[in-house]
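Colleague: Quick mapping for you: the protein sequence lines, in order, are chains X and P.
Read in order, the letters of the first sequence correspond to residues 1 to 536 in my numbering.
Read in order, the letters of the second sequence correspond to residues 1 to 350 in my numbering.
For the record, the hints were derived by calculation from the structure and aren't laboratory data.
Just to be clear, a hint being listed does not mean it is correct.
[Unchecked claim] Now the stretches of chain X that chain P is said to cover, found in silico as 3 or more residues with beta-carbon under 8 Å: (1) 74-82; (2) 292-305; (3) 311-323.
[Stated by the list, open to error] Below, in silico cross-link-like pairs of lysine-lysine (DSS-like), each with a Cα-Cα straight-line distance of 27 Å or less: (4) P:Lys309 <-> P:Lys345; (5) P:Lys234 <-> P:Lys261; (6) X:Lys298 <-> P:Lys333; (7) P:Lys228 <-> P:Lys197; (8) P:Lys234 <-> P:Lys197; (9) P:Lys162 <-> X:Lys298; (10) P:Lys309 <-> X:Lys298; (11) X:Lys450 <-> X:Lys506; (12) P:Lys345 <-> X:Lys298; (13) P:Lys333 <-> P:Lys345; (14) X:Lys283 <-> P:Lys333; (15) P:Lys162 <-> P:Lys197; (16) X:Lys243 <-> X:Lys283; (17) X:Lys283 <-> P:Lys327; (18) P:Lys345 <-> X:Lys243; (19) X:Lys46 <-> X:Lys199; (20) X:Lys298 <-> P:Lys31; (21) P:Lys327 <-> P:Lys345; (22) P:Lys261 <-> P:Lys327; (23) X:Lys506 <-> X:Lys465; (24) P:Lys309 <-> P:Lys333; (25) P:Lys234 <-> X:Lys283.
Where is the CB? At the ideal position from N, CA and C, for every residue including glycine.
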Amino acid sequence: MMTGVRRQATLWIPILCAAQTVGPGFSVGLPPGIAFRHVNSASARKHLIEAMGGGVALLDYNGDGRLDVFLVNSGAIDSGTFRRNEPRHWNRLYRQNRDASFTDVTAAAGLSGAGDGNYGMGVAAADFDNDGDPDLYVTNFGRNVLYRNDAGVFRDITEAAGVAGGGWSASAGFFDYDNDGRLDLLVTRYMDWSLRASKVCGTSIPVYCPPAEFPAVANVLYRNRGDGTFEDRSVASGIAAVKGRGLGVAFADYDSDGFTDIFVANDGMEQFLFHNNGDGTFKERAAEAGAALTGEGKAISGMGAAFADFDNDGRPDVVVTSLSRQKYALWRNAGDGLFEDATLTSGLGAASFIHSGWGVALADFDNDGWKDLLVAQGHVMDNVDQVDSSLASREAPLLAANRRGRFERRPLAAGAVAGRGLAVGDLNNDGYLDAVMGVLGGAPVVMTNKGSGSGWLTLELRGGKSNRDGVGARVAVNGQHQTGGAAGSYLSSNDKRIHFGVGAAKTLRVEIRWPSGAVQTMEDVRTNQILRVEEP
Amino acid sequence: MSGWMAVVMLAAQAMPPDVVKHAQAGMAAQKEGRYGDAVREFTRVAELAPGLAAAFVNLGNAHMLNGDHAAAVAPLRRSLELNPALIGAAQMLGVALLTSGHAAEAIPHLERTGTTGPLGIALYQAGRLPEAIARLSAALAAQPDDPDLLYYLGRASGQLSKSSYDALQASDPGSARALQLDGETHVALRKLPEAEKAYLAALRLRPATPGVRLLLGEVYATQGEWEKAAAEFKAESRVRPGDAESAYRLGHALLELGRVKEARTELTRAAGLARGMPETLYDLGKAASLDGDAAAAVRHWEELLGVEKQSALALQAYFGLAAMYRKLGQGAKADAALVEYRRLKAPRAP
Numbered sequence: 001m002m003t004g005v006r007r008q009a010t011l012w013i014p015i016l017c018a019a020q021t022v023g024p025g026f027s028v029g030l031p032p033g034i035a036f037r038h039v040n041s042a043s044a045r046k047h048l049i050e051a052m053g054g055g056v057a058l059l060d061y062n063g064d065g066r067l068d069v070f071l072v073n074s075g076a077i078d079s080g081t082f083r084r085n086e087p088r089h090w091n092r093l094y095r096q097n098r099d100a101s102f103t104d105v106t107a108a109a110g111l112s113g114a115g116d117g118n119y120g121m122g123v124a125a126a127d128f129d130n131d132g133d134p135d136l137y138v139t140n141f142g143r144n145v146l147y148r149n150d151a152g153v154f155r156d157i158t159e160a161a162g163v164a165g166g167g168w169s170a171s172a173g174f175f176d177y178d179n180d181g182r183l184d185l186l187v188t189r190y191m192d193w194s195l196r197a198s199k200v201c202g203t204s205i206p207v208y209c210p211p212a213e214f215p216a217v218a219n220v221l222y223r224n225r226g227d228g229t230f231e232d233r234s235v236a237s238g239i240a241a242v243k244g245r246g247l248g249v250a251f252a253d254y255d256s257d258g259f260t261d262i263f264v265a266n267d268g269m270e271q272f273l274f275h276n277n278g279d280g281t282f283k284e285r286a287a288e289a290g291a292a293l294t295g296e297g298k299a300i301s302g303m304g305a306a307f308a309d310f311d312n313d314g315r316p317d318v319v320v321t322s323l324s325r326q327k328y329a330l331w332r333n334a335g336d337g338l339f340e341d342a343t344l345t346s347g348l349g350a351a352s353f354i355h356s357g358w359g360v361a362l363a364d365f366d367n368d369g370w371k372d373l374l375v376a377q378g379h380v381m382d383n384v385d386q387v388d389s390s391l392a393s394r395e396a397p398l399l400a401a402n403r404r405g406r407f408e409r410r411p412l413a414a415g416a417v418a419g420r421g422l423a424v425g426d427l428n429n430d431g432y433l434d435a436v437m438g439v440l441g442g443a444p445v446v447m448t449n450k451g452s453g454s455g456w457l458t459l460e461l462r463g464g465k466s467n468r469d470g471v472g473a474r475v476a477v478n479g480q481h482q483t484g485g486a487a488g489s490y491l492s493s494n495d496k497r498i499h500f501g502v503g504a505a506k507t508l509r510v511e512i513r514w515p516s517g518a519v520q521t522m523e524d525v526r527t528n529q530i531l532r533v534e535e536p
Numbered sequence: 001m002s003g004w005m006a007v008v009m010l011a012a013q014a015m016p017p018d019v020v021k022h023a024q025a026g027m028a029a030q031k032e033g034r035y036g037d038a039v040r041e042f043t044r045v046a047e048l049a050p051g052l053a054a055a056f057v058n059l060g061n062a063h064m065l066n067g068d069h070a071a072a073v074a075p076l077r078r079s080l081e082l083n084p085a086l087i088g089a090a091q092m093l094g095v096a097l098l099t100s101g102h103a104a105e106a107i108p109h110l111e112r113t114g115t116t117g118p119l120g121i122a123l124y125q126a127g128r129l130p131e132a133i134a135r136l137s138a139a140l141a142a143q144p145d146d147p148d149l150l151y152y153l154g155r156a157s158g159q160l161s162k163s164s165y166d167a168l169q170a171s172d173p174g175s176a177r178a179l180q181l182d183g184e185t186h187v188a189l190r191k192l193p194e195a196e197k198a199y200l201a202a203l204r205l206r207p208a209t210p211g212v213r214l215l216l217g218e219v220y221a222t223q224g225e226w227e228k229a230a231a232e233f234k235a236e237s238r239v240r241p242g243d244a245e246s247a248y249r250l251g252h253a254l255l256e257l258g259r260v261k262e263a264r265t266e267l268t269r270a271a272g273l274a275r276g277m278p279e280t281l282y283d284l285g286k287a288a289s290l291d292g293d294a295a296a297a298v299r300h301w302e303e304l305l306g307v308e309k310q311s312a313l314a315l316q317a318y319f320g321l322a323a324m325y326r327k328l329g330q331g332a333k334a335d336a337a338l339v340e341y342r343r344l345k346a347p348r349a350p
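Here chain X stands alone, though its shape is the one from the complex (with noise of 0.2 Å):
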């Protein structure tokens, strides 16, 4: 059923014009109103968790049909702590303005502070209550926390939903493994750390040490009760019973047996796939899938992950984003529930060799019916320079195009920054793919899109016996697969609604299978337009 039309009007475009920087696809710069900067507090003790930080969400949180921006900070490394009391080191809400400006809406929305004793990761964005508006969770060291959004203001509830976690957590994702219609938590844990145990790594050149050097963890999967609360369900789903060094994290259904299953990006070792059983069980399946090492048999250091169809064969494929000279890996599904490696194939290998990446977006930001690439970018060490003259700590973003299922690189004319977290998503509400990045002690990078000329069709599902947002739900539309949900990437959150370009076509035929097991076919349906369609 469609219930509403929306279309607001392209606001800001030109105020960015005046920006700094102009690349082909998009104009690069900050719109008025954010002035969030990320502290990390690096120091020559070279703890590792300054390098990793931070995320970013999309997310429309008073409902007014423009996207807000929640950025994630990290704080202050004092006499062995963390410390996040003073402003600067808080998470930040900014909300759009109707004139295309941000203002900062952190106090009034109940998000000041971030709680001694935690340094930021990253942050999940949906409605896990089922109520009509995106909640947060954003993971630290530390006590994650679940913000519950109750008309516009958030609070904490952390302790009685019982998600608080422990240790350091990196990317969360919502996505419902049990078709219950209600949202489930997946939370990925980086490794066994501490301040007390962290060490220097290098000989003659101080450098963060690799992640080798710290014990392997679980993830943990908190089932949702439907009641507020969570049940960790780690150890009964299988989950924890393969440790790794989790960052990243992205759902789809792989095999196309109805359920949702997981695929976790980690860092200098084999990557996980954990099969959805069906049964409230997850089995670890990377391996034996040809997903868990390059076809090289080679381990790389996973950091971000998107789970998405890339070359419009119906199957969702997966990339991973690595460290340099490693390539991002791109493994494509083969169907019957396996992967190969295409990283070079694809042209991704030739892209990524030289570059470290980390937030990631498979998304059609031409319009032309074919997933493009984006990629926040830099070394992980911030002296990499001194070790390798071709390598750098700052890069700007990788934008690489999708021409019938190969990648080419396209000039982006960004800065070069230390990007970690990405976040894609339709800012303007013009029909074309927006991003704002997430940058390691530095002011976020927004990059709108300046348009193609072609056709697009964003979908806001509103789901019934579905979860409300229609997480997991399976749309293809002239023949193009995407799946339903705001996870993926590296410690961010995208927007939630579901777009694709469309090129010349005209007309379009929409399916949607929703995760409750319902079909819902449309036909004749108009381009260029934000259609809600409410699960039948």
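We have chain X; now place chain P onto it with these hints.
Modeller: Below, chain P alone, put in the same frame as chain X:
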């Protein structure tokens, strides 16, 4: 040393009982590793039988076993004065002189005895680099893993190339080869932009200088600029169509670019130019696998494993083979390849 023991035993048979007694005590001490005692006993033998060459040989030998090569020199010299035909004594003297820092003096003794390895080292220490390289290379053919020989061959080669390069820079600093050398120095210092400039300058002077485009391509490859690297390797292949490395590098760059069919062509050409090269065979297998030709991938990787079974490339080949065998429906072979992959990957005990 058993031959020398035989010499002294034969001589001892005609010697007075005191001499025999000390000689036997010396040999017993030596056998038990009490080299200090052996030195004392053989010193006594030499005192009691000053005309017996073998006594001095044994004394020199005991000193060497005791770690005092300098002390061995005098008795060994004396043994040769008494009997110049003692080839073994000459060899020991050469080694003792070399080890105690008298390389030039050691050379005639080592030359006389045909002791190739120590002679190579002595020639290196005496600054006779081309001869040293020849001798060390010959010695390595017989003892390919000898760390001393490998070390000194590396040193000698490095010094010889440095002196040649110094001469090149001094005689014609603006020549293409001198600029090429500049480029190589920049690469060693990881100054790649400077290296690129030097190579380009060399090519401006002599566009067809053999080898320069190969080096320039490697600079681009290191920086992930595979299109530019492929163009240079292709140009090098035009200059030197018979060069297997240029063909391999071109094939590898094309593979990195995902142009697998072109990569297969060049890699096949490289394999024809130099058979059995592990890198070429690995890339051939990889290109075939990416091209959907599982049977060819298996053929190339199996050939690679026929050349080497323990290397990093072998590890990768086993991993790739497991996937290809599975694709071909050969489950048992796939499992076996995976076992080999895991065996090679497992950390080894120190």
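Colleague: Could you grab the alpha-carbon distance between lysine 309 (chain P) and lysine 345 (chain P) and see if it respects the 27 Å cut-off?
Modeller: holds (12 Å)
Colleague: Does the alpha-carbon distance linking lysine 234 (chain P) and lysine 197 (chain P) stay inside the 27 Å limit?
Modeller: Holds, at roughly 19 Å.
Colleague: Given the hinted pair lysine 345 (chain P) and lysine 298 (chain X), is their Cα-Cα distance within 27 Å?
Modeller: holds (10 Å)
Colleague: Next pair to validate is lysine 309 (chain P) with lysine 333 (chain P); report whether the Cα-Cα distance is within 27 Å.
Modeller: holds (16 Å)
Colleague: Count residues of the stretch 311-323 of chain X with a Cβ under 8 Å from any Cβ of chain P, then say if the count reaches three.
Modeller: Our answer is that it is violated, as 0 residues pass the Cβ test (under 8 Å) against chain P, missing three.
Colleague: When you check the alpha-carbon spacing of lysine 283 (chain X) and lysine 333 (chain P), does it fall within 27 Å?
Modeller: holds (25 Å)
Colleague: Is the straight-line distance between the alpha-carbon of lysine 298 (chain X) and that of lysine 31 (chain P) 27 Å or less?
Modeller: Distance ~52 Å between lysine 298 (chain X) and lysine 31 (chain P) Cα, so the pair is violated.
Colleague: Can the restraint linking lysine 234 (chain P) and lysine 283 (chain X) be considered satisfied, given a maximum Cα separation of 27 Å?
Modeller: violated (48 Å)
Colleague: Is the Cα-Cα distance between lysine 234 (chain P) and lysine 261 (chain P) 27 Å or less?
Modeller: OK: lysine 234 (chain P) and lysine 261 (chain P) at ~15 Å, within 27 Å.
Colleague: Can the restraint linking lysine 261 (chain P) and lysine 327 (chain P) be considered satisfied, given a maximum Cα separation of 27 Å?
Modeller: Cα-Cα ~20 Å, so holds.
Colleague: Taking 27 Å as the top limit, are the C-alpha atoms of lysine 450 (chain X) and lysine 506 (chain X) close enough?
Modeller: With a Cα-Cα distance of about 21 Å, the restraint between lysine 450 (chain X) and lysine 506 (chain X) holds, given a limit of 27 Å.
Colleague: Are the Cα positions of lysine 283 (chain X) and lysine 327 (chain P) separated by 27 Å at most?
Modeller: holds (23 Å)
Hints 1, 3, 9, 20, 23, 25, counting from the list given before, are not met by this structure.
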